[in-house]
Each structure stands twice: as C-alpha cells, then as structure tokens.
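Enquirer: The chain contents come next:
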Amino acid sequence: MVAGVWERVEDGFDTVGMNLAESILARASGRDQVAAGEFVMAEIDLALLHDIFAAQVFDLLGEVGVNGVSDPDRTVVVIDHLVPAPSTAAAAIHQRIREHVSRLDITAFYDAGQGICHQLLPEQGHIRPGDLIVGTDSHTTTYGAFGAGGTGIGTSDMVYALATGNLWFRVPETIRFEMTGELTTGVSWKDVILHLTGRFGADGAQYRAIEFTGSAVTDTDMSSRLTVANMALEMGAKFGLFAADEVTDAYLRDHGGSGCDPFKPDVDATYEAVHEVPLSELQPQISLPHEVDRVSPVGEVEGITINQAFIGSCTNGRIEDLLVAAEILDGHHVAPGVRLLVAPASRTVLGEALDTGVVASLVEAGASILAPGCGPCFGGHGGLLAPGERCIGTHNRNFIGRMGSAEAEIFLASPATVAASALTGKITDPRELS
Amino acid sequence: MASDVLRGRTWRLGHDVSTDVLSPGAYAVDPVEIRKLHVLESIIPEFASEVEVGDIIVAGRNFGCGSSRETAAENLKALGVACVVAESLSRLFMRNAIAVGLPALICTGAHIAFDDGDDILVDLAAGRVINTTNGVEIPADPLPEEMRRILASGGILAVLRNQVEA
Chain A
1 MVAGVWERVE DGFDTVGMNL AESILARASG RDQVAAGEFV MAEIDLALLH DIFAAQVFDL
61 LGEVGVNGVS DPDRTVVVID HLVPAPSTAA AAIHQRIREH VSRLDITAFY DAGQGICHQL
121 LPEQGHIRPG DLIVGTDSHT TTYGAFGAGG TGIGTSDMVY ALATGNLWFR VPETIRFEMT
181 GELTTGVSWK DVILHLTGRF GADGAQYRAI EFTGSAVTDT DMSSRLTVAN MALEMGAKFG
241 LFAADEVTDA YLRDHGGSGC DPFKPDVDAT YEAVHEVPLS ELQPQISLPH EVDRVSPVGE
301 VEGITINQAF IGSCTNGRIE DLLVAAEILD GHHVAPGVRL LVAPASRTVL GEALDTGVVA
361 SLVEAGASIL APGCGPCFGG HGGLLAPGER CIGTHNRNFI GRMGSAEAEI FLASPATVAA
421 SALTGKITDP RELS
Chain B
1 MASDVLRGRT WRLGHDVSTD VLSPGAYAVD PVEIRKLHVL ESIIPEFASE VEVGDIIVAG
61 RNFGCGSSRE TAAENLKALG VACVVAESLS RLFMRNAIAV GLPALICTGA HIAFDDGDDI
121 LVDLAAGRVI NTTNGVEIPA DPLPEEMRRI LASGGILAVL RNQVEA
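Those protein sequence lines, which keep their order, are chains A and B. Take this note's numbering: the final residue in the first sequence is number 434, and no numbers are missing along the way. Take this note's numbering: the final residue in the second sequence is number 166, and no numbers are missing along the way.
No lab work stands behind these hints, which were simulated from the structure alone. For clarity, every value in this text was computed on a predicted model and none was experimentally measured. The C-beta atom is built at its ideal place from N, Cα and C for all residues, glycine as well. Treat the hints loosely; a few may be bogus.
To be verified - Here are some, though not all, of the chain A residues that point toward chain B, as calculated from beta-carbon distances under 10 Å:
id : residue
1  : T151
2  : V159
3  : A163
4  : E291
Claimed, not checked - So these bits of chain B aren't anywhere near chain A, every CB distance computed over 12 Å:
id : residue
5  : V5
6  : L6
7  : R7
8  : L37
9  : E50
10 : E52
11 : A113
12 : G117
13 : L121
14 : A125
15 : P139
Excised from the complex, chain A in its bound form:
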C-alpha cells in the first residue's frame, strides 16, 4: 500500500479520512486506520542516535542481553554534539561509539566533523515521506519537513526500539496551521515559527502533531520547511509535518534519491483545531531570554547591545542561511567587541559556502568559522558566555544557562536579524540596513 493512501469503505455513510500523523502511524502499525488517542505498536523505519546518548544506549542494550540491533541498516549514528572532542572524556565516549558501531555492523555512521544529525539525514538521503523516525534528540521533529513522522525519545525507549524494531505510540491529535499570504522582504520562516511559538506558547502543541498547510507553504523551499519543523518541538509537538509535494520530490532527487510520490492528508481528515496564520503583515521576530515563547517583534527591542552572534545549528545552519548572512555582512565588518561565530550545519554546507564565496565574505567581516556540528548551541563547548553577556543566535533554545553562565542572556532570531545585529553590535531589524 502506498503510504498515506487508505482504501476507503465507500458505503456512503462511513468514510473517515486520516491526517498525516494518523497515516504515518497506521502504516507503521500495519493498520488500515487509526484515530487520535489510540495506542499502537509501530515498526520503526529509522532510528537516530548522537554522541550524547549513543554509547549509553549501546551499553544498555548489552546489559539487557541483546547482542545486536534489530536492523543495522535502519540505524544511523552521528557524532555531532561534542565536535571536535572538547575533553578527554568526550573523546573516550566517541571512541566507545566507534567500537559499538563497528561491532553492530552499522554502516550509516557519520563521524565527527561531517555535520549535525538533522542536516545529514536529509542531505544524505535517509529520510522518506511517510516514514516513522525516532531519535534520541528532541529536534527529531525536523524530518516532518518531508512528511516523515520524526520524534524524540529517551534512552530506554531507544534501547527497546533498537532491540525489537518496534515502539509503542499514542496517536496524537493534530493542529493544522493554514498559512496564507506572502512574507515581505527581510522576513523569513524562522520569524514565522518564532511568531507561532509566541502566539500559542511553549506547550501550545503539547502531545499534538502540527500540520503546516496553506497557499504560503506550497512555494516554501526545503530549507525553510526544515527550520519550521525543527522548532515545532518548541511548541511541545510530537511531529511537525508538511505534506510531501514537488518541492520534496525535487530535494530528494537532488540528494541522490529517486524522488517521491505526493503524501498528503486525506481531504476529509479531521483536526483538533485549524488556525489561520496570515503572513503578509509579519515583522521580524525575536525570542527573548529565557523562554522560547517570550517572543517580540525585533523592532520593539532594538538597541540592546550584544557580545556574541551565532549563526548555525540544526535550525538555521544551512547554505541558504549562510547566504543571507553573507549578503548583509559582505564588504562590512562586525561591530567592535562582537564575536561572530558561524558553524555550517554540515561539511557539504561548508563546501557550498566556500564555493559561493560565503566563507570569504564572513571571514573578512570578522567571523570565526567553527567545525560543522552543533557548535555552541547547547553549551557543551566553544562559544560559551560569561556572566552578564548577551548572545543573539539562529538556534532554537534560550533557556537559562544553556550557553554557559546562568547570568548570560540568549536571544533567538533569523539569520538576517543575527547578521544585522552582529554588524551594529546591538539588536537590529535587518530591514533597516537595506
């Protein structure tokens, strides 16, 4: 059966359509139909582990008495968080991961320096529309950009999933955002998802799936969809889903795949709520310390001085993001006292940034280019903040103490806003520079 296509009983009374989340979980659990609230045992199409949890999960697997993973070809391991190893302890963890990966015959292994898991999996062709994907990382929702059901799980659940190939799920209710109108110059899809997080709150989609639909979504590029699906988690979402369409098909073909059929919700699918989101009036948005859902238009907080600007992460570290930043910074220099850190999301992105002159523009503007990986986003190493310092970044979380001192402040914004702010040394609406 083609993913998402369910043979209806055309009895004239009883046609029940499924939304994307229901279609994904129905297929994965071998059922014709599931509905929100049901529990299913579902087959996992892909399991992702990164260096923070991989060694622990593989150790636990052995302790439980399981000597292999149920399907090594459906298991992907990425070393991306502590890259390059900032301590002997981290290096030792990486060493253990390499030993486990070799012992378990896992071939999809991306060692340190190749990039962030949520960039590599799409880029290297691991993601297919309709798939059910679990990862030991909260931002596994990113794969919803392809219409894949990606979601984060903990280490014990991952042990179960690797051992058996299956995991239990509750079929979530779905909230649909109907996006209409067009974004104006200087406003990006990062601003859209920050706006939604502010409007609906950090638990606005708790336990729920989100479907992003509407005329504005049709023309959105894959990079923007990845940004939005990534941050759906910051509203508490289990999945952040886009239908698979021509854009998805083209991306898959460009990245070594054979493309995909459309994967859309049934026309009579049901939703817990549908919210219209007009985009044409939207201003650049910024998330203020220390909650992601404390969101304001950039224009209302302009002038706050910053010490560090960060462009990167699984949210906004792609070539499209770096190009926007380079366009603003080209021929200029960041303000005195501002440290600009740029971490391309993958080695491929870094290569594209070299080929297009983006790296040269950024370095001449005063940027430090970091190794492809998570960089300073989660505060593990490199680019930590001192008490009283402020950082504006393109990443996805600004919790207290996340990037070093608990007395530092983190602001989240689009690549354009971060680049503009680096240039002036204070929070700046990027539209004012053009």
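Let chain A serve as the given structure and place chain B on it in line with the hints.
Expert: Just chain B now, kept in the frame of chain A:
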C-alpha cells in the same frame, strides 16, 4: 508491582520546570547517585536532601519541558518520588517517565488545589486526585492502560527483559 493508587506528601512546583532544572547539564554524564543530588537545586536547593520516599510532585504547566534527556525522570525516581501530577506534562518527559517506571498524571486544576506539604491521593486508573488535607477532589485524565502496564512491569527495559527471556 506498582500500584494504581498512590498516597504521599506534596512538593508544589511552578510552571515550565525544565529538564535543565531536573537534570542539570553539568552532571549529565555522572552516575545517578550523583545526578539525583542536584535535582531542582536551582529553584529548591534543599529538595534533594529533604525529599522522602513516596513524596509526590504537584506542578504547573509544561512540566519537564526541554530536552529528550531521560535522566530528568530517572533522577526523580531515584530520589523516591512516587508520582508527578501536573497541569500539563512535556511529551518527552511523560514518555521518559513511563519508560523508567515513574507514574505521571495530567490533572488540570491540581496546581491551585495544593499547598506545599499537603497530603495527596492519586488514582492513576480512575483519573482522580484528592487533596486529603482539605478534602478537595479533582478529576484527571486516567492514565491509559497501555502506560500502566509498562509501569507495572517496572519500565520499558523491564518489559524488554521479559521479552528477551521469554
């Protein structure tokens, strides 16, 4: 064998208690014996030393928000916390709590119905929370049977061990 009815003393917490507070990143790779000593230390420094086996947390909205780290739930269990009752629970915390065998129940209205130290009775299967100090009873979402079965086994790894040995 875990029981569906729990009774204990409450610790009342606020909204948006994050995984960074429940399992501070600085101790992320330390063993649970160390990790549990730092639970909630940034908001209730005395929590780890004063919490007793069987105590129950009553929290506000979005409890356990943030990362996928299971240690947030594991640390509470290691300290003897018997259950978490919250206005709403982060999906990942809920999932991880079930996985490590820590009951967690969503109960709208619980947060304003309790003071710190009140006596609480929680019926997971019936979906019932009672403040036995003042007699106020609040309906809750019953914990689905699928989750209670995992809890009764002692967590998802215990379920797996049983499957491996079977």
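Enquirer: Next step is simple, just say for each hint if it's right about the structure.
Expert: A quick look at each hint next to the structure:
Below 10 Å, beta-carbon pairs count as interface contacts, and A/T151 has one with chain B at about 8 Å; its hint therefore holds. Given the 10 Å rule on beta carbons, the hint for A/V159 holds: about 6 Å separates it from the nearest Cβ of chain B. With its C-beta approaching chain B no nearer than about 6 Å, A/A163 sits inside the 10 Å limit, and its interface hint holds. Below 10 Å, beta-carbon pairs count as interface contacts, and A/E291 has one with chain B at about 7 Å; its hint therefore holds.
The beta carbon of B/V5 is kept farther than 12 Å from every beta carbon of chain A, the shortest such distance being approximately 22 Å. The claim that B/L6 lies off the interface holds: its Cβ sits roughly 21 Å from the closest Cβ of chain A, which is beyond the 12 Å cut-off. Every CB of chain A is more than 12 Å from the CB of B/R7 (nearest about 27 Å), matching its label as outside the interface. Distance to chain A confirms B/L37 as a non-interface residue, since its nearest Cβ pair spans about 18 Å, more than 12 Å.
With a least CB separation of 23 Å from chain A, B/E50 remains clear of the 12 Å interface cut-off, as annotated. Taking the minimum C-beta to C-beta distance to chain A, about 25 Å, the non-interface status of B/E52 holds against the 12 Å cut. Residue placement check: B/A113 keeps its beta carbon more than 12 Å from all beta carbons of chain A (closest about 20 Å). The claim that B/G117 lies off the interface holds: its Cβ sits roughly 27 Å from the closest Cβ of chain A, which is beyond the 12 Å cut-off.
Consistency note on B/L121: stated as away from chain A, and its beta-carbon is indeed over 12 Å from all of that chain's, at 25 Å minimum. Every beta carbon of chain A lies more than 12 Å from that of B/A125, the smallest distance being close to 15 Å; the non-interface claim holds. Separation of B/P139 from chain A is adequate, the least Cβ-Cβ distance of about 17 Å exceeding the 12 Å criterion.
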